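Q: Here is how the chains run, residue by residue.
There are 2 protein chains.
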Amino acid sequence: MTSNLYGSTNYGTNYGTNYGTYGTDAYGNTYDTSTYGTAADANTYGANRTSYDPTTGSYDQHIDYDRDAYTRRHHREQMDDSGRYYHRDVDRDTSGLDNTRRVHKEYSNPNTGTSYHRDSTYDRSNLTDSAADSQIMAPVHKVAVIQWHIKNLDPEYNHGQAVSYITAAASDGASIAVLPEYHLCGWAPESPLFASLASQYQTYLDSYCNLAKKLNINIVPGTIIEAHKTDKSSDENDILLYNTACFISSRGQILGKYRKKNIWHPERPHLTSSATDPHEVIETDLGKVGLLICWDLAFPEAFRELIAKGAEIIIIPTYWGKLDASPAGLAINPESERLFLDSTLTSRCFENTCAVIFANAAGPSDTFLGMSRIVLPFIGPVKSMGAEEGYMVADLDMSVLDVAEDNYKVRQDIKSEGWYYSYRHDQLTGK
Amino acid sequence: MTSNLYGSTNYGTNYGTNYGTYGTDAYGNTYDTSTYGTAADANTYGANRTSYDPTTGSYDQHIDYDRDAYTRRHHREQMDDSGRYYHRDVDRDTSGLDNTRRVHKEYSNPNTGTSYHRDSTYDRSNLTDSAADSQIMAPVHKVAVIQWHIKNLDPEYNHGQAVSYITAAASDGASIAVLPEYHLCGWAPESPLFASLASQYQTYLDSYCNLAKKLNINIVPGTIIEAHKTDKSSDENDILLYNTACFISSRGQILGKYRKKNIWHPERPHLTSSATDPHEVIETDLGKVGLLICWDLAFPEAFRELIAKGAEIIIIPTYWGKLDASPAGLAINPESERLFLDSTLTSRCFENTCAVIFANAAGPSDTFLGMSRIVLPFIGPVKSMGAEEGYMVADLDMSVLDVAEDNYKVRQDIKSEGWYYSYRHDQLTGK
Numbered sequence: 000m001t002s003n004l005y006g007s008t009n010y011g012t013n014y015g016t017n018y019g020t021y022g023t024d025a026y027g028n029t030y031d032t033s034t035y036g037t038a039a040d041a042n043t044y045g046a047n048r049t050s051y052d053p054t055t056g057s058y059d060q061h062i063d064y065d066r067d068a069y070t071r072r073h074h075r076e077q078m079d080d081s082g083r084y085y086h087r088d089v090d091r092d093t094s095g096l097d098n099t100r101r102v103h104k105e106y107s108n109p110n111t112g113t114s115y116h117r118d119s120t121y122d123r124s125n126l127t128d129s130a131a132d133s134q135i136m137a138p139v140h141k142v143a144v145i146q147w148h149i150k151n152l153d154p155e156y157n158h159g160q161a162v163s164y165i166t167a168a169a170s171d172g173a174s175i176a177v178l179p180e181y182h183l184c185g186w187a188p189e190s191p192l193f194a195s196l197a198s199q200y201q202t203y204l205d206s207y208c209n210l211a212k213k214l215n216i217n218i219v220p221g222t223i224i225e226a227h228k229t230d231k232s233s234d235e236n237d238i239l240l241y242n243t244a245c246f247i248s249s250r251g252q253i254l255g256k257y258r259k260k261n262i263w264h265p266e267r268p269h270l271t272s273s274a275t276d277p278h279e280v281i282e283t284d285l286g287k288v289g290l291l292i293c294w295d296l297a298f299p300e301a302f303r304e305l306i307a308k309g310a311e312i313i314i315i316p317t318y319w320g321k322l323d324a325s326p327a328g329l330a331i332n333p334e335s336e337r338l339f340l341d342s343t344l345t346s347r348c349f350e351n352t353c354a355v356i357f358a359n360a361a362g363p364s365d366t367f368l369g370m371s372r373i374v375l376p377f378i379g380p381v382k383s384m385g386a387e388e389g390y391m392v393a394d395l396d397m398s399v400l401d402v403a404e405d406n407y408k409v410r411q412d413i414k415s416e417g418w419y420y421s422y423r424h425d426q427l428t429g430k
Numbered sequence: 000m001t002s003n004l005y006g007s008t009n010y011g012t013n014y015g016t017n018y019g020t021y022g023t024d025a026y027g028n029t030y031d032t033s034t035y036g037t038a039a040d041a042n043t044y045g046a047n048r049t050s051y052d053p054t055t056g057s058y059d060q061h062i063d064y065d066r067d068a069y070t071r072r073h074h075r076e077q078m079d080d081s082g083r084y085y086h087r088d089v090d091r092d093t094s095g096l097d098n099t100r101r102v103h104k105e106y107s108n109p110n111t112g113t114s115y116h117r118d119s120t121y122d123r124s125n126l127t128d129s130a131a132d133s134q135i136m137a138p139v140h141k142v143a144v145i146q147w148h149i150k151n152l153d154p155e156y157n158h159g160q161a162v163s164y165i166t167a168a169a170s171d172g173a174s175i176a177v178l179p180e181y182h183l184c185g186w187a188p189e190s191p192l193f194a195s196l197a198s199q200y201q202t203y204l205d206s207y208c209n210l211a212k213k214l215n216i217n218i219v220p221g222t223i224i225e226a227h228k229t230d231k232s233s234d235e236n237d238i239l240l241y242n243t244a245c246f247i248s249s250r251g252q253i254l255g256k257y258r259k260k261n262i263w264h265p266e267r268p269h270l271t272s273s274a275t276d277p278h279e280v281i282e283t284d285l286g287k288v289g290l291l292i293c294w295d296l297a298f299p300e301a302f303r304e305l306i307a308k309g310a311e312i313i314i315i316p317t318y319w320g321k322l323d324a325s326p327a328g329l330a331i332n333p334e335s336e337r338l339f340l341d342s343t344l345t346s347r348c349f350e351n352t353c354a355v356i357f358a359n360a361a362g363p364s365d366t367f368l369g370m371s372r373i374v375l376p377f378i379g380p381v382k383s384m385g386a387e388e389g390y391m392v393a394d395l396d397m398s399v400l401d402v403a404e405d406n407y408k409v410r411q412d413i414k415s416e417g418w419y420y421s422y423r424h425d426q427l428t429g430k
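Chains as they are written, first to last, in numbering that gives the first Met the number 0: chain A, 0 to 430; chain B, 0 to 430.
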């Protein structure tokens, strides 16, 4: 009976009028103004902690108090340096009869207007305190991956496909959409058109920036080949082609660019690698993001460098087909490249306690593998596409990364004094 | 009709009386003495090449000649520096009607008495020349992995299990047998017995060396905890515990030892890591071998260092259980550690164009995962055990590594001038 009261009467209703609906900003008044710092003083139990930093405006409250006769509430709110606001209540039954916890989380980013809340219940008995805390605080992102039969040398068609898929994904509530590698022009380096189209990259980038802002969605527009004049030449025709991914914020800003470093062997005669440039992390609303491209994913070094710099999500536009295996490889296993991708993407998440967002070109049948997916440690593919054209939206629960790092402590090892391995780029950059 | 003659009359019979049966040395007379260097002079077509190095005794013959009216033979034999002899004939139908190739291979190692022959047919149309050549020349090893419920602090029982399984594997023709990590005493570091048993490691090592010689089989006796006095102390009781794997040749010699570097977190208070010692490759009859242990497999750096030094086979004694996932991790996916092992072992083979021999502790149910397996690029697990006690013998076809490297060129990249990544150990050792 105590459980019943706890469950039905006292949870999920008290603050109902203040909860925001997804994408609006209607909640938060109760905590931010009238009751902040006061409610905890009544019926206090356990450790009270309230801190406020007047310089940054960040605050942090960590209080257990009796919400009512049946419910003890653990309340915490926090604002980070960039103004993002996190809030959660965890309620539990004071009788001890009901072992579940009822969690209310809120998240708001005033820079982007993004906000959401989430209510959930979990069984506390399975969770350590730190894991439970991270499950409580970390956000869940709605992620869209997009794949289609990319038409060679037809940027208008491909761009049109991209825009319509991104628009649909945004209307499904996705906070980010990711396209495949070579999504604008496919791969046709022998055609003179291929290089000349690469000089139009800015037009398409501008279009995606406008779309991102209009739809309030982050976009990684796969990769676009960019033609750049070489530094050493004054000849306008003396250009280098870079295979470039970028991260466009939901404000329409390009937050970071990455040029493919580990170029697939048959592509090497045509493209220029970022070579010894370090891998860099991009600060985004979703967290710290690293961009890699296609064959890069075979190189654990690329991930490690990003992870060492704090990357949480690795986004990988890809153009990987069944026939990237040699005839001899296909004779050994016709599904070898599917196995390569499936095993490696999951392994990368475990070994780096990171998330992977993978968007690969799809079809026609027996060529590009699709398999676009969201991957997490512990779980492997959260959700995966086949080889069909289309898009998929899946939840990327960032709390899983904290649970994984709490378990495997890979980032802790990498950061530790005297770790056994380090990287050329660390030496190059002195970091 | 031409194909019929080619297939039935002229292949697989001519040298039948000279072919060795597995494990004997009855073949080779025809090539080594009476006809070597002469047969090729009759009916010659294509490039003839015969070289002989009087210093090392190695010879290399590369000849195409018409074996008879229907059969063109491509013949090659070679002896390497350590006296290992390779030989193969590839016959094809001169009419062109039959596109298959019939291959006869022989291998002999006079140092160990190991020899075998293999006859096979393949469809030439699927193979590039280099891949076909490597498929033809590379040996196939019969590999045994062994797993059982290891009893804590009971080395006599565990050693007895190991000896009986190794003996059975040898009688099945295995050329190597691999045991799990902690195979002698399990894991019970809180017991005073644990450290004192670790001082007896040499007794068991000697036993395995004798067994290897007696059975003519290579043995990696999982890991054995070794107690060593610290350099700095004169106190006999001031010891360090190393978790050590070694490779014992079929002559009963310890060819190399490795102390676990990346120690699993709960073990760190009890064991000493090899820390900044480089990973070293061991030259064996099976090829170049690297030893890693359990949690090491989560570190791609460990593999890369071995691969950069030429390792072809990575052998990984392991003690990995379902409960190595935290309660929070298990709540997310009760099968997380199975997924970790399955994806990572396969990914390592693709990303390093190497083979993995994995021997893990098994059961009781819901604890140690077993899953001992032989893994190759393209294929993933060639064959895998479940969680049962026992052993398994599977073919490890080294030619797959050549096909993989031919496809992915990972080793080529790692060795190339100005490669983008390198390792601390490279800097430490100046290599």
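These are calculated hints, taken from the structure and not from any lab test.
Remember, predicted model here, so these are calculated numbers, not experimental data.
Backbone N, C-alpha and C define an ideal beta-carbon position, used for all residues, glycine too.
Please note: incorrect hints may appear among the correct ones.
What the hints assert, rightly or not - Take a look, some chain A residues computed to stay more than 12 Å from chain B by CB distance: (1) N332; (2) S346; (3) G385.
Claimed, not checked - Facing chain B, a subset of chain A residues (Cβ under 10 Å, in silico): (4) S195; (5) D230; (6) K260; (7) A274; (8) P299; (9) A301; (10) E304; (11) L338; (12) R347; (13) E350; (14) S364; (15) D365; (16) V399; (17) V409.
Q: With reference to the structure, classify each hint as holding or not holding.
A: Verification of the hints:
Distance check for N332 of chain A against chain B: the nearest CB is about 5 Å away, which does not clear 12 Å, and the non-interface claim fails. For S346 of chain A, the shortest C-beta to C-beta distance to chain B comes to about 4 Å, within the 12 Å cut-off, and the non-interface label is violated. The claim that G385 of chain A lies off the interface holds: its Cβ sits roughly 19 Å from the closest Cβ of chain B, which is beyond the 12 Å cut-off. Interface restraint check: S195 of chain A against chain B, minimum CB-CB distance 29 Å, threshold 10 Å, status violated.
Because the closest C-beta pair between D230 of chain A and chain B is about 18 Å apart, greater than 10 Å, the hint is violated. About 6 Å separates the beta-carbon of K260 of chain A from the nearest beta-carbon of chain B, less than 10 Å, and the hint is met. Checking A274 of chain A against chain B: minimum C-beta separation of about 6 Å stays under 10 Å; hint holds. The beta carbon of P299 of chain A comes within 3 Å of a beta carbon in chain B, closer than 10 Å, and the hint placing it at the interface holds.
Hint status for A301 of chain A relative to chain B: holds, with the closest Cβ pair at about 8 Å, below 10 Å. Taking 10 Å as the C-beta contact cut-off toward chain B, the hint placing E304 of chain A at the interface holds, the least distance being around 8 Å. Taking 10 Å as the C-beta contact cut-off toward chain B, the hint placing L338 of chain A at the interface holds, the least distance being around 5 Å. Nearest Cβ of chain B to the Cβ of R347 of chain A: about 8 Å, under the 10 Å cut. The hint holds.
A least Cβ separation of about 5 Å between E350 of chain A and chain B falls short of the 10 Å threshold, and the interface hint therefore holds. The criterion of a C-beta within 10 Å of any C-beta in chain B is not met by S364 of chain A, whose closest approach is roughly 20 Å, and the hint is violated. Interface restraint check: D365 of chain A against chain B, minimum CB-CB distance 16 Å, threshold 10 Å, status violated. Annotation: interface hint on V399 of chain A holds; nearest CB of chain B at approximately 6 Å, less than 10 Å.
Interface restraint check for V409 of chain A: the shortest CB-CB distance to chain B comes to about 7 Å, inside 10 Å, so the restraint holds.
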